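Undergrad: Listed below are the residues making up each chain.
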Amino acid sequence: MTKLEAKNIVKHFSHESHKLTALGGINLKVEAGDFVCLVGPSGCGKSTFLRIIAGLEKPDEGQIIFDGHPVTETSPERIMVFQEGALFPWLKVQDNVEFGLKMAGIPKEERAKISNRYLDMMQLTKFANSYTYQLSTGMKQRVAIARALVMDPDVLLMDEPFASLDAQTRDLLLVEMQLIWEKTKKTILFVTHNVAEATVLGTKIAVFSNRPSIIKKEFENNSPRPRITEDESLLKLQQDILAELRPEVKKSRE
Amino acid sequence: MIITGKNFTPHRIAFYAGIIVIWQIISMVGVWPDNIFPSPYEVAEDLAYSAADGSLFYGIATSMWRLSIGLAIAISGGVVLGIFMARVEVINQTVGSLVLGLQSIPSIAWVPLAILWFGLTDVGIIFVTAIGAIFAVTINTYTGVKNIDPHYIEAARNMGAKGTQLITAVLIPAAFPYMISGFKQGWAFAWRGVIGAELLFSFLGLGFLLNAGRSLNDVSQVISIMIVIMVIGLVIDTVVFKKLENKVMSKWGLQ
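Quick note, the sequences are listed as chains A and B, same order.
Residue numbers for the first sequence follow my numbering, beginning at 1258 and rising by one.
Residue numbers for the second sequence follow my numbering, beginning at -10 and rising by one.
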């Protein structure tokens, strides 16, 4: 079943006096339960594309069809996990995780029941009463993921959530992310500039071209899980993706 | 901040004791007559009298009551105005420029207008107090909301926060560190405003007692009331606002 479809998404930015076309007509079909990784040269508009799906930005042309209806505004059905987490520093970890539930008017006891489940899943129970500045970057990303999962969204939109993590923490979270996906059966769109990360996580990898970007090629990835970055079975795929990506990265630097 | 660390350090105690001793010596030497330059003892005596007959506490209560109402109006009005200015560009371009202009008017300059509009009443004094403080709160709130990381607002909207929910659950707490500076400035303006207005309205309160001391040629009373005004200011600054500030800063991990 098609969960989400991007139809010819175009987005311009005005940079100083000249107009810059970031997205030059993105077409993408996402099936329910897909884990789609979006890779591309930096500045190609992957994050913008994610924000458009989230309803945080409007495309200049084209539309996003979600469950058969065009996306017009942001909604908890499509929850975004931001690169730096965007956790609220004035709230404790548990209150951060419960934020969306509170906005939805869910009573306190029920909120606690739901949030405790996800705090446990993300191994955050010990930190429930901490403020976010007391956490490491990896812990913060865990909170951000828990905060998103609590909303039980149809689609999870993740914008380079592991970009600022150290290698060990990232490896750990890559394993956990696969478990979460298997457990929750969420449809996930995951932006990354790291090809190895994309092949570990994705059932599908979409390669963005340089600006004005289109999706240059899509790869299927059916290797058995759990996968790790060094899996030999992923090597060939990684090389194929890099072969598509390299000329685009080169163009983006010219 | 001028006042940091413990309140009763040996240095500080010695300093104030020194001032009182020097003051006492100057008055004993008799450079100026007693009715122009009273000794600390006479000032303390005057303070004790006005405390004993209740006029001091009645004056303090009156001033504090007017201050509280005026400041409450200034804070609630200033926060609302500041948020609207930060979030609605049209309001910023229109009302915003006026706010900047009005902020440059000293509280005391509102007194004639307040007397003409409200007469020599509590309402007039509260008006002066509130209007002297509101724009500092407005401007700090505006700056605070403008400086909120846009991702906080996007994340909140994405999780379903809308309208007043967005304001109370995100905009206000996220801008709070700035808003506290606004409250502090607002309180300082309000305190000056209420005392100044009471002086000119000459209608109860600490400002009135100051003026009464002047008309009776009672320098001790004037000095004793000034000391009371200073001490109340200091206490509210350190006890209320410094505490509030510390609490927020440590919660955010900014300390």
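By construction, these hints were calculated from the structure, which means they are not laboratory data.
In this text the structure is predicted, and so the values were computed from the model without any measurement.
Note that beta-carbon positions come from the ideal geometry of N, C-alpha and C, so glycine has one too.
Warning: the hint list may mix true and false statements.
Residues from chain B that face chain A, not an exhaustive set, calculated with beta carbons under 7 Å [stated by the list, open to error]:
{"id": "1", "residue": "Pro139"}
{"id": "2", "residue": "Tyr141"}
{"id": "3", "residue": "Ile142"}
{"id": "4", "residue": "Asn147"}
{"id": "5", "residue": "Ala150"}
{"id": "6", "residue": "Thr153"}
{"id": "7", "residue": "Pro162"}
{"id": "8", "residue": "Pro166"}
The list that follows gives simulated cross-link-like pairs (lysine-lysine, DSSO-like), each with its CA atoms no further than 30 Å apart [claimed, not checked]:
{"id": "9", "chain 1": "A", "residue 1": "Lys1349", "chain 2": "A", "residue 2": "Lys1493"}
{"id": "10", "chain 1": "B", "residue 1": "Lys151", "chain 2": "A", "residue 2": "Lys1443"}
{"id": "11", "chain 1": "B", "residue 1": "Lys232", "chain 2": "A", "residue 2": "Lys1349"}
{"id": "12", "chain 1": "A", "residue 1": "Lys1276", "chain 2": "B", "residue 2": "Lys240"}
{"id": "13", "chain 1": "B", "residue 1": "Lys232", "chain 2": "A", "residue 2": "Lys1383"}
{"id": "14", "chain 1": "B", "residue 1": "Lys151", "chain 2": "A", "residue 2": "Lys1370"}
{"id": "15", "chain 1": "A", "residue 1": "Lys1264", "chain 2": "A", "residue 2": "Lys1383"}
{"id": "16", "chain 1": "B", "residue 1": "Lys240", "chain 2": "B", "residue 2": "Lys173"}
{"id": "17", "chain 1": "B", "residue 1": "Lys151", "chain 2": "A", "residue 2": "Lys1359"}
{"id": "18", "chain 1": "A", "residue 1": "Lys1365", "chain 2": "B", "residue 2": "Lys173"}
{"id": "19", "chain 1": "B", "residue 1": "Lys232", "chain 2": "A", "residue 2": "Lys1359"}
{"id": "20", "chain 1": "A", "residue 1": "Lys1260", "chain 2": "B", "residue 2": "Lys151"}
{"id": "21", "chain 1": "A", "residue 1": "Lys1264", "chain 2": "B", "residue 2": "Lys240"}
{"id": "22", "chain 1": "A", "residue 1": "Lys1260", "chain 2": "A", "residue 2": "Lys1443"}
{"id": "23", "chain 1": "A", "residue 1": "Lys1440", "chain 2": "A", "residue 2": "Lys1370"}
{"id": "24", "chain 1": "A", "residue 1": "Lys1442", "chain 2": "A", "residue 2": "Lys1359"}
{"id": "25", "chain 1": "B", "residue 1": "Lys232", "chain 2": "A", "residue 2": "Lys1315"}
{"id": "26", "chain 1": "B", "residue 1": "Lys135", "chain 2": "B", "residue 2": "Lys232"}
{"id": "27", "chain 1": "A", "residue 1": "Lys1493", "chain 2": "A", "residue 2": "Lys1315"}
{"id": "28", "chain 1": "A", "residue 1": "Lys1260", "chain 2": "A", "residue 2": "Lys1474"}
{"id": "29", "chain 1": "B", "residue 1": "Lys240", "chain 2": "B", "residue 2": "Lys135"}
{"id": "30", "chain 1": "A", "residue 1": "Lys1349", "chain 2": "B", "residue 2": "Lys135"}
{"id": "31", "chain 1": "B", "residue 1": "Lys151", "chain 2": "A", "residue 2": "Lys1442"}
Undergrad: Hint by hint, note whether the structure agrees.
TA: Structure-based check of each hint:
{"no.": "1", "hint": "Pro139", "result": "violated (9 Å)"}
{"no.": "2", "hint": "Tyr141", "result": "holds (6 Å)"}
{"no.": "3", "hint": "Ile142", "result": "violated (9 Å)"}
{"no.": "4", "hint": "Asn147", "result": "holds (5 Å)"}
{"no.": "5", "hint": "Ala150", "result": "holds (5 Å)"}
{"no.": "6", "hint": "Thr153", "result": "violated (11 Å)"}
{"no.": "7", "hint": "Pro162", "result": "holds (4 Å)"}
{"no.": "8", "hint": "Pro166", "result": "violated (9 Å)"}
{"no.": "9", "hint": "Lys1349(A) - Lys1493(A)", "result": "violated (44 Å)"}
{"no.": "10", "hint": "Lys151(B) - Lys1443(A)", "result": "holds (25 Å)"}
{"no.": "11", "hint": "Lys232(B) - Lys1349(A)", "result": "holds (20 Å)"}
{"no.": "12", "hint": "Lys1276(A) - Lys240(B)", "result": "violated (43 Å)"}
{"no.": "13", "hint": "Lys232(B) - Lys1383(A)", "result": "holds (28 Å)"}
{"no.": "14", "hint": "Lys151(B) - Lys1370(A)", "result": "holds (24 Å)"}
{"no.": "15", "hint": "Lys1264(A) - Lys1383(A)", "result": "violated (44 Å)"}
{"no.": "16", "hint": "Lys240(B) - Lys173(B)", "result": "holds (19 Å)"}
{"no.": "17", "hint": "Lys151(B) - Lys1359(A)", "result": "holds (12 Å)"}
{"no.": "18", "hint": "Lys1365(A) - Lys173(B)", "result": "violated (34 Å)"}
{"no.": "19", "hint": "Lys232(B) - Lys1359(A)", "result": "holds (29 Å)"}
{"no.": "20", "hint": "Lys1260(A) - Lys151(B)", "result": "holds (26 Å)"}
{"no.": "21", "hint": "Lys1264(A) - Lys240(B)", "result": "violated (45 Å)"}
{"no.": "22", "hint": "Lys1260(A) - Lys1443(A)", "result": "holds (11 Å)"}
{"no.": "23", "hint": "Lys1440(A) - Lys1370(A)", "result": "holds (18 Å)"}
{"no.": "24", "hint": "Lys1442(A) - Lys1359(A)", "result": "holds (24 Å)"}
{"no.": "25", "hint": "Lys232(B) - Lys1315(A)", "result": "violated (44 Å)"}
{"no.": "26", "hint": "Lys135(B) - Lys232(B)", "result": "holds (25 Å)"}
{"no.": "27", "hint": "Lys1493(A) - Lys1315(A)", "result": "violated (37 Å)"}
{"no.": "28", "hint": "Lys1260(A) - Lys1474(A)", "result": "holds (20 Å)"}
{"no.": "29", "hint": "Lys240(B) - Lys135(B)", "result": "holds (21 Å)"}
{"no.": "30", "hint": "Lys1349(A) - Lys135(B)", "result": "holds (24 Å)"}
{"no.": "31", "hint": "Lys151(B) - Lys1442(A)", "result": "holds (29 Å)"}
The structure fails hints 1, 3, 6, 8, 9, 12, 15, 18, 21, 25, 27 (numbered hints given earlier, in ascending order).
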